[in-house]
Amino acid sequence: MKEDSEVFLTDTHAHLASKRFSGQVDEVLSRSRAAGIGRIISISCDVEDAETNLALATTRDGVFATAGIHPCYIHEPGPSGWLEKLSDLSRHPRIVAIGETGLDHYHPPEDGSSVEVWHRRQVEVFEEMLRLAEERDLPVVVHSRESTGAVLDVLERFPGVRAVLHCFVGTWNEAERALAGGHFLSFTGVITYPKSGEIREVASRIPLDRIMVETDAPYLAPVPFRGKP
Numbered sequence: 035m036k037e038d039s040e041v042f043l044t045d046t047h048a049h050l051a052s053k054r055f056s057g058q059v060d061e062v063l064s065r066s067r068a069a070g071i072g073r074i075i076s077i078s079c080d081v082e083d084a085e086t087n088l089a090l091a092t093t094r095d096g097v098f099a100t101a102g103i104h105p106c107y108i109h110e111p112g113p114s115g116w117l118e119k120l121s122d123l124s125r126h127p128r129i130v131a132i133g134e135t136g137l138d139h140y141h142p143p144e145d146g147s148s149v150e151v152w153h154r155r156q157v158e159v160f161e162e163m164l165r166l167a168e169e170r171d172l173p174v175v176v177h178s179r180e181s182t183g184a185v186l187d188v189l190e191r192f193p194g195v196r197a198v199l200h201c202f203v204g205t206w207n208e209a210e211r212a213l214a215g216g217h218f219l220s221f222t223g224v225i226t227y228p229k230s231g232e233i234r235e236v237a238s239r240i241p242l243d244r245i246m247v248e249t250d251a252p253y254l255a256p257v258p259f260r261g262k263p
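Just so you know, the sequence shown maps onto residues 35 to 263 in this note's numbering.
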């Protein structure tokens, strides 16, 4: 594929390293190109993901990768020295962002700790990822499930870091706060769901130069593909 001469869409957030895509990545890329998607940013949730995604990015046209620890994976980020490993991986030019990182106040603790301890640990790891983004001069891909306000509180302590709030489902006030911080808002197939009227209203008010779209594949398929293979 000639990346420099075709007009195409970019899927800013997909998980090509997902086990659901095992042995199917080339087929997924072929279908994506047929649908007009020429670039995919493959998002990492832990060190293993980052290594897999970087391997894909260096062997497939149109694929780029991120490196980070998802807030639900902080209890098992990979081998010891995970931060150093992510730091090393993030030096590669096909790593275009740090993440997925952020906060998750929806899922219960994965390690048996209290909610308070779990959330505090999420903040600590999020801040480590933001410091790495600052050091590498890379944007961050941020998870903010039921935690948008808390995420913005942390981001405000790192004014030099630009973020993409992935799968944004926050309020307009939260959107305004994110935009004021210089961040981008990204929307998934959730925007097509019948009960997502408020999300659609928020999306309609985002400046075009600050809005992104993503599949979050293999998750969050839009209507009418939701629940279908």
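Warning: the hint list may mix true and false statements.
As a list, the in silico EDC-like pairs of lysine to aspartate or glutamate whose alpha-carbon atoms are at most 20 angstroms apart [to be verified]:
| no. | residue 1 | residue 2 |
| --- | --- | --- |
| 1 | 119 | 158 |
| 2 | 119 | 180 |
| 3 | 119 | 85 |
| 4 | 53 | 82 |
| 5 | 229 | 180 |
| 6 | 119 | 171 |
| 7 | 119 | 161 |
| 8 | 53 | 110 |
| 9 | 119 | 82 |
| 10 | 119 | 95 |
To be clear, the hints were calculated from the coordinates, so they are not data collected in a lab.
Hint consistency between residue 53 and residue 110 [alpha-carbon to alpha-carbon, up to 20 angstroms]: Holds, at roughly 17 angstroms.
Straight-line alpha-carbon gap residue 119 to residue 82, limit 20 angstroms: Measuring from Cα to Cα gives roughly 10 angstroms; hence the hint holds.
Holds or violated: residue 119 to residue 158, with C-alpha atoms at most 20 angstroms apart: Judged against 20 angstroms, a Cα distance of about 17 angstroms means the pair holds.
Given hint residue 180 paired with residue 119 - CA-CA distance at most 20 angstroms: violated, 29 angstroms
Pair hint residue 119 and residue 171, alpha-carbon separation not exceeding 20 angstroms: holds, 17 angstroms
Pair hint residue 119 and residue 161, alpha-carbon separation not exceeding 20 angstroms: Holds: residue 119 and residue 161 sit about 17 angstroms apart, inside 20 angstroms.
Given pair status - residue 180, residue 229, alpha carbons within 20 angstroms: Holds, at roughly 17 angstroms.
Satisfaction of hint between residue 82 and residue 53, Cα-Cα up to 20 angstroms: Holds. Residue 53 to residue 82 sits at ~12 angstroms (cutoff 20 angstroms).
Restraint status (C-alpha distance of residue 119 to residue 85 at most 20 angstroms): holds, 9 angstroms
Proposed proximity, residue 95 with residue 119 (alpha carbon, max 20 angstroms): violated, 25 angstroms
When the structure is compared with the earlier hints, violations turn up for hints 2, 10 and for no others.
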